[in-house]
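In case you want the letters, here they are:
Number of protein chains: 2
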Amino acid sequence: MFKKEGINSDYKCWLKYYEIEDEYLGRYKKWLENIIVPKNKGGTDSAEEEIVKSIIAELKTGFYKLIGEKVVPHSGDPACSGFILADILDSRDLIREGLTVQEREEINRDGFLIKHYDSGPKEGLVITAKTYRGLLYGVFHFFRLLQEKRELRKLNLLENPDNKLRIINHWDNLDGSIERGYAGKSIFYENNELKENEDRWHDYARLLGSVGINGIVINNVNVSRAASDLLDDKLNMVEKLNTVFRKYGLKVYISINFASPCEDDEIGTADPLKESVQNWWKKKVNNIYNRIPDFGGFLVKADSEGRPGPFTYDRSHAEGANMLARILKSHGGVLIWRCFVYDCQQDWRDYSTDRARAAYDNFMPLDGEFEDNVLLQIKNGPMDFQVREPVSPLLGAMKQTNQLLELQITQEYTGQQIHVCYLVPQWKEILEFDTRARGETSRVKRVVDGSVHDFSLSGMVGVGNVGSDMNWTGHTLAQANLFGFARLAWDPDLSAEKITRRWCRYTLGEDREVNAKTAQILLKSWETYEKYTAPLGVGWMVNPGHHYGPNVDGYEYSRWGTYHRADIHGIGVDRTVKTGTGFTEQYFAAKKELYEDPETCPDELLLFFHHLPYIYKLDSGKTIIQHIYDTHFEGVEQVKEFIDIWSQLSDELEPAIFKNVQKRLKQQLESAREWRDVINTYFYRKTGFPDEKHRKIYK
Amino acid sequence: MFKKEGINSDYKCWLKYYEIEDEYLGRYKKWLENIIVPKNKGGTDSAEEEIVKSIIAELKTGFYKLIGEKVVPHSGDPACSGFILADILDSRDLIREGLTVQEREEINRDGFLIKHYDSGPKEGLVITAKTYRGLLYGVFHFFRLLQEKRELRKLNLLENPDNKLRIINHWDNLDGSIERGYAGKSIFYENNELKENEDRWHDYARLLGSVGINGIVINNVNVSRAASDLLDDKLNMVEKLNTVFRKYGLKVYISINFASPCEDDEIGTADPLKESVQNWWKKKVNNIYNRIPDFGGFLVKADSEGRPGPFTYDRSHAEGANMLARILKSHGGVLIWRCFVYDCQQDWRDYSTDRARAAYDNFMPLDGEFEDNVLLQIKNGPMDFQVREPVSPLLGAMKQTNQLLELQITQEYTGQQIHVCYLVPQWKEILEFDTRARGETSRVKRVVDGSVHDFSLSGMVGVGNVGSDMNWTGHTLAQANLFGFARLAWDPDLSAEKITRRWCRYTLGEDREVNAKTAQILLKSWETYEKYTAPLGVGWMVNPGHHYGPNVDGYEYSRWGTYHRADIHGIGVDRTVKTGTGFTEQYFAAKKELYEDPETCPDELLLFFHHLPYIYKLDSGKTIIQHIYDTHFEGVEQVKEFIDIWSQLSDELEPAIFKNVQKRLKQQLESAREWRDVINTYFYRKTGFPDEKHRKIYK
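Quick mapping for you: the protein sequence lines, in order, are chains L and P.
Heads up, the first sequence is in the numbering used here, so the first residue is 1 and it goes up one at a time.
Heads up, the second sequence is in the numbering used here, so the first residue is 1 and it goes up one at a time.
I should point out that these hints are in silico values taken from the structure, not numbers from a laboratory.
Among the hints, a few may not be true.
Since the list gives no way to pick out one identical chain from another, each pair is judged satisfied if it fits inside one copy or across any two copies.
[Stated by the list, open to error] Straight-line distance between alpha carbons at most 16 Å, and here's what the computed EDC-like set of lysine to aspartate or glutamate pairs gives:
(1) 30 <-> 69
(2) 696 <-> 350
(3) 240 <-> 151
(4) 622 <-> 239
(5) 399 <-> 637
(6) 699 <-> 347
(7) 696 <-> 634
(8) 39 <-> 50
(9) 699 <-> 350
(10) 663 <-> 179
(11) 30 <-> 93
(12) 282 <-> 654
(13) 399 <-> 371
(14) 329 <-> 367
Let the sequences and hints guide you as you build the complete structure.
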């Protein structure tokens, strides 16, 4: 039986390590007497040394928590049969000999192999990798196998991450606030200094490392004056965080302000082609790498939403990015450049400009111009993390430019961690989307892992959702989004169901009913949220600024390029080539044709691509207006079901977790009702169409 | 000829004192040799002594600025013919003898008499009053007469203010911000302390005193934690400001937090019927009057928009107000209680609750229960300072309760001192409104001056519009609102045209064309603003929070009780007794009947009282929808005219003033266009009705 922990166990997320029952344990207990770890390397590479320490610590912690045994790892060779050996591939003959040539070759940089070793006299389990980081991942995975009570004898399990880069972006400001943060203040900063919070950073690094995240951008892409100082005056803060995160295999990156050299009186410009500017950056970068040799690189939001960039000097994004990339390259650093660039001073009267077109229009002409250590960071959709958008046509279109897919784990537009909105199903749809970039099988996941166009670097980035709340994510179920992102970044072929089952088991324990019901809520929650919010892909019916709650016209007469164009007859944005903004032409032919025609365009994206009358019939046979009414009534009913399901778990769950979710579900219901009534009333008032089913729509 | 001053002369507002031409001056020059002022009183009443100093200073300043002469006032008797004597009534035989009994009796507390004295051998001008404050007002008025080149010989001019209280409310916060302030930061506070700004306070006190303002509430009605300390720890700040403002006859009041005793651990409650609470307040009030004997009293916003109040303890507003009033009474202080009380957690789905009803419903039942040093401060309309509202039915309805009319000088909903919106015409309409409280002639101005119901105390309050901007009000023409408010508070019978002419002359100089054209803009500006914003009295089509710019549904689904209820067929709020919220019944019969029937309801208030179809015909013969289109096109054209008119004055005006207004007119035009297009498009999209005149309405 699993033993439950104290009320704050939600702090431990998926590293709860519920005690394992004796019966299963008995099979392997002998092995624990012989835990073998890497030899001390003598400090030649301190980053690796630190990871080795973590490996040893994790072995001790894991066995103690799961089995209650204090193990004493050593670095000798297995003296007798029955051992667990965790070391890198080239370190020991036993490992080399135990693996086939093919096995040895197949392990990639961050991958690992867990293999049962049985030479007759000696039997045990080998966890191995080509790097210490891979080995750490293997150790964490080994404990997951234990928790799942997998048969370790006969095991031969190779795990390679599909994506080279698996990064979390923090939108933390140095004043302690987090842009779009819904789980308290920053765990890193306060009053422009680091908090005294090292234990928590350690626990966070461990959480991320345990699921294979290998990079973290530690400050907001909107770089404040204070955050600009991370480059130099406040570099000690970066250094400090790096000492923590590298223990678990994470590279530390910072967001920089492209215009920083302007503030140097002797430079006074940020023109990337000016030597003075290049020298200014060189000095900064050299200094960083002198102090942090394993520093990751820079993330830049330039020429976007008021951020400065190369446009100021009539230079291209490529010129801007390459200047920085060349400087970073000599140190092994990368330069990540965001593609979230659009006209944020649009006139709502203007029907020809289309924000959806912007990323493609801005970057596609530059394909092939970027240095090979530049990565373009592309949001999943052409707009901005709405509950439903088509996939960005830029993904896959650029054939010669390293790409990162940017997803948003923090729930800016998806309920702000008050609503349960499990995003793994959404992300799966995005990853499985076939761009047709190279024939039939150019799914986003294969673009992003670099296999469609053979990128030298690529991967996935998620905007983080943690803060100082004790349970990290405010809503405890939102932990599943962080976990799910990491697992998809590692292996985008995983199904949403499998990820969900695993998260439930690691987080909530072994009770099948609890896990099944929790999974039921999680897996339905995105659909539910979509139902009671903006319909049919049109998006943006939220309150401006904070983005919580319904406001149908909230962005309708604004400068942000985010419109629904609803009038007495119809609604939606015509983005066709034939009669609209021509956005559809940015897709490869098969998709373009699909979206161009309302008859073939998927219903869920219909109003994103087309302006249609309310009486237009969907595939379901319903009119648009009746669909709006129906989904909004259904969405609220589904939240009520969630509340009902959850209430059945009150005796099975730890009280802290039960209450946390219960309280938020009630808030969600209240908000969902507001959404339902505002949206339904808005369209009833605008169209005069009654609900066919005569439900209550307020005047 | 008038001589123009430097570019910062807009700082001096209506106290510019342009030099007077010799020809006019010659007639009275001899009098200047003999300027007589009050004798030194020996410091028995320091407040009066301070006013006498101001009188002497004003005489010196006025003559020096207007005539270029350094006069030397003395306090002896006129030795020969030709003098100007400014002293109070009982001070000198010459004054007593020069006035008839009736004249002496007619002067009221703050009034004054300016009379030509001619006994044969001695001739001169007497300025007199019953109080030194009245005398100060007389001196300022004398200089206005000089500027207007009035014939002083044969003059016999009695000026009595109609309203006893003429108060400015400052919504200044101690952190230096101003709630709804549009002219920079507070002139008083910064970082919860007083600024080093005494010269400016002096100039402000002088500006206000010159037009008869006799009270100032120095902090925001929404009392922050820091501002609560004005009662004790920060009382020195009140004391300091009082020493400045009393020089010009202004009493200083503070806004208090009704719940302040709660924060005292030994009290822990603010229940007004608890002796401990009463004693707590007694102690505070005693301490204040010990240090500031001429302190004015308290202003309280209680049980409103989240502010605490007596409701918390199940006590009435009367119980709350009276408790404080009794304590203040022994010191001669007054207690001002705001009637801006309503349910700010309303549900937009709820058609029966009506915010417009709230003030009347809350306070009317309490008529007669308030102490005689309590004043209820009642906003002009039942909602909140919209560009057009009916007059609050509470004005005049309470027969036994002292009342203050609250107007908003700061342009929260009327263009925020970016738009020119001269509010004197609006205020005149309010003041001239006949409540019918007692027969045919119960105009608001007569309610407010206390003559309809014989109030012991009453008057007018304006929420101030000044800040740290060099010209005080941001928009230079907004100075006219402050001036106009003060003049109406003094004499509500003054016409808008007369006030405007005078303001122009004092502020801009003697150029007739300049003044006529400026007056033309000013007098039309309210009508213009109304035209391009929310139509027909419905209000509230603004962006939530900051309240600038159009947002038709901005408050439509909110908790604030501010709705327009526009649907495909019609628009407006049904507030009739017959089919609506019954708000109309709060008016006296003649007005109730007028508003109840859409056929008799004035067009400009039609949608405030009625929900009507867009095709409803107005008195003008136009449909509502066509009226909306027409007024919105017209409003923008009128702003263009303002720009055209103003541009004609470029050579005649001081550059600072010209540019200040020119720049804002351009901003106004841009905003007015946005209003026009958003409102027109909103209704076009909602109704499908085309514009009869085929002007451009965006889809």
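Cross-check of the supplied hints:
1. 30 <-> 69: within (12 Å within a copy, 111 Å between copies)
2. 696 <-> 350: between (37 Å within a copy, 13 Å between copies)
3. 240 <-> 151: Answer is neither: 41 Å inside a copy and 83 Å across each miss the 16 Å cutoff.
4. 622 <-> 239: Neither: 58 Å inside a copy, 72 Å across copies.
5. 399 <-> 637: Classified as neither; 45 Å inside a copy, 54 Å across copies.
6. 699 <-> 347: between (31 Å within a copy, 13 Å between copies)
7. 696 <-> 634: Cα proximity of residue 696 and residue 634: one copy only (13 Å, versus 41 Å across).
8. 39 <-> 50: This pair counts as within: shortest intra-copy Cα distance 13 Å, inter-copy 89 Å.
9. 699 <-> 350: between (32 Å within a copy, 10 Å between copies)
10. 663 <-> 179: For residue 663 and residue 179, the Cα distance exceeds 16 Å both inside one copy (24 Å) and across copies (35 Å).
11. 30 <-> 93: Answer is neither; intra-copy 23 Å and inter-copy 120 Å both fail.
12. 282 <-> 654: Cα proximity of residue 282 and residue 654: none, with 53 Å in one copy and 53 Å across.
13. 399 <-> 371: Within one copy only: 13 Å inside, 82 Å across.
14. 329 <-> 367: Answer is neither: 19 Å inside a copy and 81 Å across each miss the 16 Å cutoff.
Violated hints for the displayed structure, listed by number in ascending order: 3, 4, 5, 10, 11, 12, 14.
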